[in-house]
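Here the protein sequences come in this chain order: E and C. Just so we're aligned: the first sequence equals residues 1 to 112 in my numbering. Just so we're aligned: the second sequence equals residues 1001 to 1115 in my numbering.
You may find that some hints are simply not true.
[What the hints assert, rightly or not] Not everything, but these chain C residues come out facing chain E in the computed CB check (under 8 Å): (1) 1031; (2) 1043; (3) 1045; (4) 1050; (5) 1052; (6) 1053; (7) 1054; (8) 1090; (9) 1103.
[What the hints assert, rightly or not] Within a straight-line C-alpha distance of at most 16 Å, the following computed EDC-like cross-link-like pairs (lysine to aspartate or glutamate) qualify: (10) E:49 to E:64; (11) C:1044 to E:104; (12) E:99 to C:1056; (13) E:99 to C:1059; (14) E:49 to E:66; (15) C:1014 to C:1079; (16) E:99 to C:1102; (17) E:49 to C:1102.
The hints are simulated quantities; they were obtained by calculation from the structure and are not laboratory data. The C-beta atom is built at its ideal place from N, Cα and C for all residues, glycine as well.
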Amino acid sequence: AQSVTQLGSHVSVSEGALVLLRCNYSSSVPPYLFWYVQYPNQGLQLLLKYTTGATLVKGINGFEAEFKKSETSFHLTKPSAHMSDAAEYFCAVRTNAGKSTFGDGTTLTVKP
Amino acid sequence: NAGVTQTPKFRILKIGQSMTLQCTQDMNHNYMYWYRQDPGMGLKLIYYSVGAGITDKGEVPNGYNVSRSTTEDFPLRLELAAPSQTSVYFCASSPRPGLAEDEQFFGPGTRLTVL
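Let the hints inform the model, and build the full structure from the sequences given.
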């Protein structure tokens, strides 16, 4: 069985500040890990993914995430928040069986 | 290349009515999925399909049915709608897992209200 825990359902930062969204997972097999972003009234869009290889993964819009196997974590960061980053962010874990498990999401608010 | 399309965008049903949510993808993906998203929650998998003619249950299949007669289409059927099925429904597709481009592509969603 696999599961995903996103710590903090709401995160608020000031424009220009560091963004840190936390994700911990459990999986009985090597996981594929994903971060998706959802803007209001839209579907999910892929931000970045980890499958194999380099553990620091860079995505779109300046986001990156680091896979830490020892900590079973895949936290999402961005050095400087922009107003357009305000959205809901979902971490997901997927195995070779093709099924994904999503976290409950973290709503990011960016204050001017 | 339209990606994943869903119809309708919005629908209001009365309790006990039935409807079919349509989903089509034009990327020749083998895998297709139906999720529901309740307010403040993540996505819960309803059903998925690994190819035409093959479907399987996800976490929350009760009250729903699916079919996959073609690679492109994966309709979701609600029989005897209940207020608990009020939600936003997302269809997604992906190529065979393990490929370099492995990710899920999502449709824009169908917002369903059952009154």
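Interface hint outcome for residue 1043 (chain C) [beta carbon to chain E under 8 Å]: holds (4 Å)
Residue 1054 (chain C) as chain E interface residue, shortest Cβ-Cβ below 8 Å: violated (11 Å)
Minimum beta-carbon distance criterion (8 Å), residue 1031 (chain C) to chain E: For residue 1031 (chain C), the interface hint holds, since the closest Cβ of chain E sits about 5 Å away, which is under 8 Å.
Pair hint outcome, residue 99 (chain E) versus residue 1102 (chain C) [Cα-Cα no greater than 16 Å]: holds (12 Å)
Restraint check for residue 1044 (chain C) with residue 104 (chain E), where alpha carbons must lie at most 16 Å apart: Holds. Residue 1044 (chain C) to residue 104 (chain E) sits at ~10 Å (cutoff 16 Å).
Restraint status (C-alpha distance of residue 99 (chain E) to residue 1059 (chain C) at most 16 Å): Judged against 16 Å, a Cα distance of about 10 Å means the pair holds.
Hinted contact residue 1053 (chain C) with chain E - closest CB pair below 8 Å: violated (16 Å)
Satisfaction of the residue 1050 (chain C) interface hint, Cβ to chain E closer than 8 Å: This hint holds: residue 1050 (chain C) lies near chain E, its Cβ roughly 6 Å from the closest one there, short of 8 Å.
Agreement of hint residue 1052 (chain C) with chain E interface, Cβ distance less than 8 Å: Since the shortest Cβ distance to chain E is 15 Å, the answer is violated.
Per-residue hint verdict: residue 1090 (chain C), partner chain E, C-beta under 8 Å: holds (6 Å)
16 Å Cα cutoff - pair residue 49 (chain E), residue 66 (chain E): holds (10 Å)
Residue 1045 (chain C) as an interface hint toward chain E, with CB separation required under 8 Å: holds (7 Å)
Of the numbered hints given earlier, the model fails hints 5, 6 and 7; all others are met.
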